[in-house]
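With the hints as extra help, turn the sequences into a complete structure.
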Amino acid sequence: MLEVKDLVTAYGPVLALDGVSLSATAGRVTAVLGANGAGKTTLLRTISGLVRPKAGTVMLNGEDVTRSQVETMVHKGMAHVPEGRGLIAELTVEENLRLGGLFRRAKDGDSELARIYDLFPPLKERATRSAHTLSGGERQMLVVGRALLAHPKLLLLDEPSLGLAPRVVSQIFSLVRDLVDSTGLAVLLVEQNAKSALSIADTGVVLNLGRVVATDDAATLAADEGLRHAYLGF
Amino acid sequence: MQQFFDATLSGITNGVVFAAFALCLVLIFRATRIINFGQGAQAMVTTYLALKLIQNDVPYALAFVAALAAGFLLGAFVERVIVRPVETGPEINAVIVTLGIFIALVALAAIIFGNDLAAFPAAFSLAGLEVGGSTIALRPNDLFTIGAVLVAMAVLLGLFRFTSLGLRMRASAFNQEVAKLLGVKVGQMLTLGWALAGLFGSLAGLLIAAGTPIFPSYMDAVVIFAFVAAVLGGLDSFLGAVVGGLVLGLTSAYVSSYVGSELVTLAALAILMVVLLLKPGGLFSSSVARRV
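As they're listed, the protein sequences go chains A and B.
By the count of the numbering used here, the first sequence reaches residue 1205 at its end, each step adding exactly one.
By the count of the numbering used here, the second sequence reaches residue 1757 at its end, each step adding exactly one.
There's no promise every hint is true.
[To be verified] Facing chain A, a subset of chain B residues (Cβ under 10 Å, in silico):
id	residue
1	ALA1592
2	GLY1593
3	LEU1632
4	ALA1638
5	GLU1642
6	ALA1644
7	LYS1645
8	VAL1649
9	LYS1650
10	VAL1651
[Claimed, not checked] Now the in silico label distances, taken between C-beta atoms and shown as ranges:
id	chain 1	residue 1	chain 2	residue 2	range
11	A	HIS1046	B	GLY1623	21 to 31 Å
12	B	THR1553	A	LYS976	20 to 30 Å
13	B	PHE1542	A	LEU1180	40 to 50 Å
14	A	ARG1100	B	LEU1622	13 to 23 Å
15	B	SER1629	A	SER1153	21 to 31 Å
16	B	SER1629	A	ALA1026	32 to 42 Å
17	B	PRO1745	A	ASP1035	49 to 59 Å
18	B	LEU1615	A	ALA1098	28 to 38 Å
19	B	SER1590	A	ARG1100	43 to 53 Å
20	B	THR1553	A	ASP1035	23 to 33 Å
21	B	LEU1615	A	GLN1040	36 to 46 Å
Just so you know, the hints here were simulated from the structure itself, not pulled from any lab data.
We put the beta carbon where it would ideally sit given N, CA and C, even for glycine.
Right under this line is the structure:
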């Protein structure tokens, strides 16, 4: 599904990614873990084209998308939910959702919306409200729902647990797991909350200062006490 | 009473034109966070184009539509060719570039069309309507002005509220990065926004010119009033621009009628100062919500 090879991204003289390689496969959750500044967000932004890499390649379904325009990625089956949720606060909940499916130019807008409202009932009640009136958990539902309207094959999630109560985090995470199991979606999940992320992930990738320090089964990583103490903070 | 009535009517007519022009400043400010100081000059150029067409026996309506189309294209050209290359730098760069557009267009117009006053004909009669035996300060051409602006506003509102194109434009204006991630071609939306602003500016320029002499800097006063109107309304609110335009139009008419026309500009700036002192974000700004 997604193959990232030797990705190097720099902000001026500072290397944010220093040769990162990883992959994400259909029907699996790949968690990217690491402390603040490890390069997790930069990794997702480079994959979706918001940031241009200095070197390396990003392959999506066998196609080289390293230099593709951001706007075209969603057509290729990639949906990126950016850090800090990325809802458009000035638009209503329903307008935010509609945007998610607009690029497909399909006529099934209403039935598609109904599908998302079934998945996230609180959004239906607030459909005509401005998006900035939503709670943190509802905002996360909104951006995930909006991403799903694009019918992605690969979903990039950046810190979905940020600022959410633990109960809401586990709700969101189990929902992501269900989606992956039922639809064969590939998820690349970036998280600082390593413990929760590993509990739903199949594979874990640990980043430190822009380099991959470990890639393994989620369960194996979670059991590695040395690694946990050194990089994952639990 | 008659004086108040007349001042109100002419205030409304001027107010809708200020509102239309304020709208095009707001359109661009919302999308790119810059004020296009070249907007008035762009409108002036298209008004001259209409005048030349009319002088060459092109029907008025056709010349009018041609000028609007030219305003649309000129707006798109300015964004795509002149503003886009400096957009990645600090916002002040783009603002200064728009000042350059203003200076260049006014100078070019003076070279091509001359600095002399040129009479621009009105679409309809300029004789005041008769109501109950007395003539009021509302002329058929004023009705056309008000009607044209209302129609244009309704079309703009419909576009933004009810079409997917409008939704994509709003998304691009509020959050370019998220819009791109959702597959919106943000660059095209920006160009379209500037083009629409160009069209609206042209409309305002044509309407204010009707029945008056024009010259290369005839739009300067309108730009000042519309700018004050837009700031009054908070710079990013369509409703604010319309209300601001009407407030400015009415105030200038009352001041000119009761105090003296030489104080009109001063009054506009006084209103601006008072509003900025009491409510620095403008009357209708959504910037509080934006920070959430």
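The hints, checked one at a time:
Against a cut-off of 10 Å between C-beta atoms, the interface hint on ALA1592/B is violated, since the closest Cβ of chain A lies about 46 Å away. About 44 Å separates the beta-carbon of GLY1593/B from the nearest beta-carbon of chain A, more than 10 Å, and the hint is not met. For LEU1632/B, the shortest C-beta to C-beta distance to chain A is roughly 6 Å, which falls under 10 Å, so the interface hint holds. At a threshold of 10 Å, the smallest CB-CB gap from ALA1638/B to chain A is about 8 Å, leaving the interface hint in force.
Residue-level restraint check for GLU1642/B holds (minimum Cβ-Cβ distance to chain A is 7 Å; threshold 10 Å). For ALA1644/B, the interface hint holds, since its Cβ comes within 10 Å of a Cβ in chain A; the closest pair sits about 8 Å apart. For LYS1645/B, the interface hint holds, since its Cβ comes within 10 Å of a Cβ in chain A; the closest pair sits about 4 Å apart. With 10 Å as the threshold, the beta carbon of VAL1649/B comes within range of chain A, its nearest partner Cβ sitting at about 7 Å, so the hint holds.
Among the interface hints, the one on LYS1650/B holds; its C-beta lies about 5 Å from the nearest C-beta in chain A, closer than the 10 Å criterion. Against a cut-off of 10 Å between C-beta atoms, the interface hint on VAL1651/B holds, since the closest Cβ of chain A lies about 7 Å away. At roughly 28 Å, the beta carbons of HIS1046/A and GLY1623/B sit within the given window of 21 to 31 Å. Hint check: THR1553/B to LYS976/A, Cβ distance near 29 Å, so the stated range 20 to 30 Å holds.
One distance hint, 40 to 50 Å for the beta-carbon pair PHE1542/B and LEU1180/A, holds here, with the actual separation near 47 Å. With their beta carbons about 20 Å apart, ARG1100/A and LEU1622/B fall inside the hinted range of 13 to 23 Å. As the Cβ distance of SER1629/B to SER1153/A is approximately 29 Å, the hint placing it in 21 to 31 Å holds. Distance hint check for SER1629/B and ALA1026/A: the Cβ-Cβ separation is about 39 Å, which falls inside the suggested range of 32 to 42 Å.
Distance hint check: the CB atoms of PRO1745/B and ASP1035/A are about 50 Å apart, consistent with the given range 49 to 59 Å. A C-beta distance of roughly 30 Å is found between LEU1615/B and ALA1098/A, which places it inside the suggested range of 28 to 38 Å. For SER1590/B and ARG1100/A, the hinted distance range of 43 to 53 Å is satisfied, since their beta carbons lie about 49 Å from each other. Look at THR1553/B against ASP1035/A: about 26 Å separates their beta carbons, and that is inside 23 to 33 Å.
Evaluation of the 36 to 46 Å hint for LEU1615/B and GLN1040/A yields a pass: the beta carbon distance comes to about 39 Å.
In summary, the numbered hints that this structure violates are 1, 2.
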